[in-house]
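Novice: Chains A and B, in that order, are what the protein sequence lines are. Quick note: the first sequence, position 200, residue 200 per the working numbering, numbers continuous. Quick note: the second sequence, position 359, residue 582 per the working numbering, numbers continuous.
Treat the hints with care, as some may be off.
To list a few chain A residues with every Cβ distance to chain B over 10 Å, as calculated [as the list claims (entries may be wrong)]: (1) ASP12; (2) ILE15; (3) ASP17; (4) VAL19; (5) ASN22; (6) PRO59; (7) MET61; (8) GLY96; (9) LYS103; (10) PRO104; (11) GLU106; (12) ILE107; (13) GLU147; (14) ILE149; (15) GLU155; (16) ARG217.
According to the in silico footprint, chain A covers these stretches of chain B (three or more CB under 8 Å from chain A) [as the list claims (entries may be wrong)]: (17) 260-267; (18) 496-510.
Just so you know, the hints here were simulated from the structure itself, not pulled from any lab data. Beta carbons: idealized from backbone N, C-alpha and C, even for Gly.
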Amino acid sequence: MAENRILLVEDDHAIADAVALNLRTVGYEVVAFDDGAIAAASLEQDHSFDLALLDIMLPGMDGFQLFALMEKYNIPVIYMTAKTDSESEVRGLKEGAEDYIVKPFEIVTLLVRIEKVLSRTGRLNQVYRFQDFTLDAENRTLTRAGEPIDLPPLEFDVFAVLMKNKNRTVSRERILNEIWGEDYFGDIRTVDVRVANLRKKLGLGDEIRTISKTGYRLEDRRK
Amino acid sequence: MKLWKKISLLCSLVLVLVVGACTVLLITQAQDEILNLTYQNAEQKQQALVRSFNNMLLYYHEEQDSEAATRSLMKYCFTHYADSEAALMLDGETLYSSLSLDPSEYLLPEDSDTPQCYTGAVNGRQLLIVGGDARLPYAFTHNREGLGCIVYIVQDITPVYNQIRTLTLQFVVIGAVCIGLGLLLIALLVRRSLRPLQELQSAAAHIAEGNYAERAAVTSSDEVGALAQDFNVMAASVEKHIEELTETAERQRLFIGGVTHEFKTPLTALLLNADSLQNTYLDEEERSAALARIEHQTRWLERLVQKLLKLITLNQSPELQPVSVPDLLDRVRESTADTLNKRSVSLETDCRMESLKLDADLMQSVLVNLVDNASKASREGQTVTLSADETGFAVQDQGCGIPQEEIDRITEPFYMVDRSRSKKLGGVGLGLALVKEIVQAHGGRLEIESTVGEGTTVRVLLQQ
């Protein structure tokens, strides 16, 4: 299964570059444009995207105009808007956008929204790769170079969260939330125990880095 | 108490007094007149009786008549003329009387030529008793001393009094009706003449409720009309001020909205890049790229803040002094030289004015801004012309031009014709807004002429 492909149309390069960089590091394939008309033109050749992140105020063709094309190619849309006025939000959602995110936003929020939209539309790729590990979150299997590895459920879940957020720091709280949901107030140290086990069992002592005071990061040094 | 009630009440009081006094006067006069007529009538009647009686006496009298004969004659003669309401008294003794009363009880006339009157109520009737000396002929009196012969006539004047009473009643009724009608009329007229005040009041109330377009519809030419006119002038001025305030508030709201919006993009970029540096595993190259983006955005934000500050603090009026125009143009040339070189655009200056009254620093920033804009619109190798004459300055380019429908909007804060192009060239969208503010602070105005594809001329028109 291929990586999820995301179309990004944003005219501010400082934003576009940072978003693209982060999406790529966690394993999405990103195609970015800074002009609505150019993006629209290129869609004719290549429109196999799983999601579109659209700015609203764009040169060439604005986000609302692009939406028609997205519908045509059946691409779910998340708007990135600096407009806080509810009118544009309402308009975006009314016309069928999956979601919108108001600038300034954080990358974590964007990643969560993207994952939710992909999962809701049944496009989420749940097979994650790291070095020679392959983790299938849907079927709950983990293989290393084709050899299946058996992990206790909790350790599998923690490893899945780290794989999903490859190269991104994940806080202990977020790991807990992802596994047990937001209402769980468990002991944060359980995460530490699972991570220690994972390091030992998978031989990832260096790759799973402890980020002080925050959490853990699965670093792909060969990226 | 309402003014119309007060005025009506005062007028009514006066009316009642005047009508009352007139009525009383009229009644008294009429009463006197009628009574006098009645008296005169009775007196004449008595005199006629006296005359006839005397004549007859003289005719029949004989010198040798005895006392008793004379008395009989007098009685006979008097009876001949007297009607039912008369009496003849001789020396206090009633010689003849057809009366049911003794008139001497009521009236004892003194010895005079004219008869005297008495009026009074007797047995429920109003009687007029006229009595006077009979003025007997000499023949009767020459040999008798102290002979007092009095002729009385009595009239029942109750009908006269009744007539007077009826008349009085009529007068009172007429007076009352007059007063009543007068009161009604006064109230109506006063109310009517005070209606403009009411209209003025209701207009004021409407305006107080916020309906500033309301005017008093008073057209009379009196003091109230003058007041209404002044009131309307005041209302118009209030309306104008309120409109200006509302407009200013709306402009400020839009401006703040614009500012917020403009800050969001660089802030988002800063946040995202800082987030990447903190939470994402980046290689050296990616790390320095993120840092460069942060630096770039920070500088851009700084520029935005500077321009905003300038725009906001520009409210105080600039100090206008005579400034050497050639020097000013030289300074503009110096400060734009680098950017013009970079864009390969040349600057020509045409100075036809030695000195103008202005704030040199502010006007320099205006001209630098305009030259900068002109060079941004120009292609490589083109020329921007900066000229000065007695009307002010003009900056002309041969660049891409501005679409007609955009011209009015380009001086709005944050308005950019080609947003991404402007941003690439480092614009924050405040330049022309700032230029317009400065020119207006100089008491001048900005005039923009443009043809797409042929170029733009921006004139700074100063009032000298």
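Novice: Now, for every hint given, state plainly whether the structure supports it.
Specialist: Against the structure, the hints:
no.: 1; hint: ASP12; result: violated (5 Å)
no.: 2; hint: ILE15; result: violated (5 Å)
no.: 3; hint: ASP17; result: violated (6 Å)
no.: 4; hint: VAL19; result: violated (6 Å)
no.: 5; hint: ASN22; result: violated (6 Å)
no.: 6; hint: PRO59; result: violated (4 Å)
no.: 7; hint: MET61; result: holds (12 Å)
no.: 8; hint: GLY96; result: holds (25 Å)
no.: 9; hint: LYS103; result: violated (4 Å)
no.: 10; hint: PRO104; result: violated (4 Å)
no.: 11; hint: GLU106; result: violated (6 Å)
no.: 12; hint: ILE107; result: violated (5 Å)
no.: 13; hint: GLU147; result: holds (27 Å)
no.: 14; hint: ILE149; result: holds (24 Å)
no.: 15; hint: GLU155; result: holds (22 Å)
no.: 16; hint: ARG217; result: violated (6 Å)
no.: 17; hint: 260-267; result: violated (count 0)
no.: 18; hint: 496-510; result: holds (count 10)
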